[in-house]
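Chains A and B supply the protein sequences, listed in that same order. Read in order, the letters of the first sequence are residues 1 to 166 in this note's numbering. Read in order, the letters of the second sequence are residues 1001 to 1124 in this note's numbering.
Bear in mind the hints are in silico, worked out from the structure with no lab data behind them. Hints are not guaranteed to be accurate.
A partial selection of chain A residues facing chain B, derived with a Cβ cut-off under 7 Å [to be verified]:
#, residue
1, Ile70
2, Gln73
3, Leu77
4, Leu81
5, Thr99
6, Ala122
7, Thr126
8, Arg127
9, Val133
10, Tyr134
11, Val140
12, Val143
Fair warning: this is a prediction, and the values are worked out from it, not measured in the lab. Even for Gly, the Cβ is constructed at its ideal location relative to N, Cα and C.
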Amino acid sequence: MNIRRITRMALLTAIALTIFVAEAQIPAPVPIYGVKLGLANIVTVWAVFLLGPADAAMILLARVVLGSLITGQMMALMYSLGGGLLCLCAMIPLRKVLTDRQIWVCSVAGAVFHNIGQILVAIAITRTPSLVVYLPVLLVSGVITGLFTGLCAQFLHERMRKLLRL
Amino acid sequence: MRSTRFWVLIVAAVLAVSLLAAAVVRLASPGGSVAEITVDGQVVERIDLDRVTEGYTFTVEDEWGSNTIQVEPGRIRVLEADCPDQVCVRQGWISDEVTPIVCLPHRLVIQVSGGTDAGVDALS
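Build out the structure end to end from the sequences listed, making use of the hints.
Structure representation (C-alpha cells):
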C-alpha cells in the first residue's frame, strides 16, 4: 500500500467523519430510526466509484466505528454496520454496470440496501419480526435521500475529476 | 452499460412499489388499534387504544433500561427514556402501524396493529 493511497483514504475518512458528526448535530426532521439524509455516504459512493471496493470498505468501516465513538451512540453502531455492509454489497457489483454519469444510481441502491440492513439488525436485536411492516416507509425515505446524496456525489465527481486527475 | 433512462425507470419503480406497500400497510390495517409493547421479543403489555378514555403513563423497566410510556385515547408515545440517543422520545405520538417506535438500546418495540392477531400475517 503506497503512501499516496493511504493519505487519500485518510483524507476521505476525515471528510466523511466530519460530515457524519456535523449531520448528527442537526435534529432529524423526521425522528424515526433510520430516516436521515446520510450525507457521509457521498464519500462512500464516490470512493466505490473512483477508488475501488477495498478502499471504499476501509473508509466506510473507519468512519462508522469512529463516528459511533465520537457521537457516543454505540447502539447506532449496530445499525450502521448492518446497513453499511449491506450497502457496500449492493454498490460494489452495481458499480461494474454503471457509467460515471450514473453514480447517483449506485447511491440510491446503497441507501435502499442500507435501510434493509437496518431493519434486519433491528429485527435481530429486538427479536420482533413484525418490524418488517416498517420497511416500505424506510425504502421511500431511502430512495429520496439516496437520490439526494447520489446527486451530490455526481456533481462532486464532475467537478473533482480535473482537480484530482483520477 | 444501460442507458440512464433505464436506471431512472428502475429507481421510479422501486419508489412506486415502496409507496404502494406503505399505502397497503396503512389501508389494510383493520379498524381498531391495539398497541403492543414488546421487550426482547416478549409481549409485556397490550393496550386497546380505542378503549382508553383517560390518559395515563407507566414505566417499562428491563435489564437494559427504562422507558416511561404515555397513553392517550387513540395514541401512544414514549415520554421518557434513559437511553443516550432519545430517538424513541423524539419520535412522538404514533397511532398506526406504519411507523413503529423502536428503542434499540432497550430492545423495546411499540407497534400499533388492527387488534386481531392476523394483523401482519394477513398482509404478507
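Comparing the hints with the structure gives:
1. Ile70: violated (13 Å)
2. Gln73: Constraint on A:Gln73 satisfied, holds at 5 Å.
3. Leu77: Since the shortest Cβ distance to chain B is 11 Å, the answer is violated.
4. Leu81: violated (13 Å)
5. Thr99: Given a least distance of 5 Å, the restraint on A:Thr99 holds.
6. Ala122: Holds, about 6 Å.
7. Thr126: holds (5 Å)
8. Arg127: holds (3 Å)
9. Val133: At 5 Å from the nearest chain B Cβ, A:Val133 passes the 7 Å test, so the hint holds.
10. Tyr134: holds (6 Å)
11. Val140: holds (5 Å)
12. Val143: holds (5 Å)
Violated hints, listed in ascending order, are 1, 3 and 4; each of the other numbered hints is respected by the structure.
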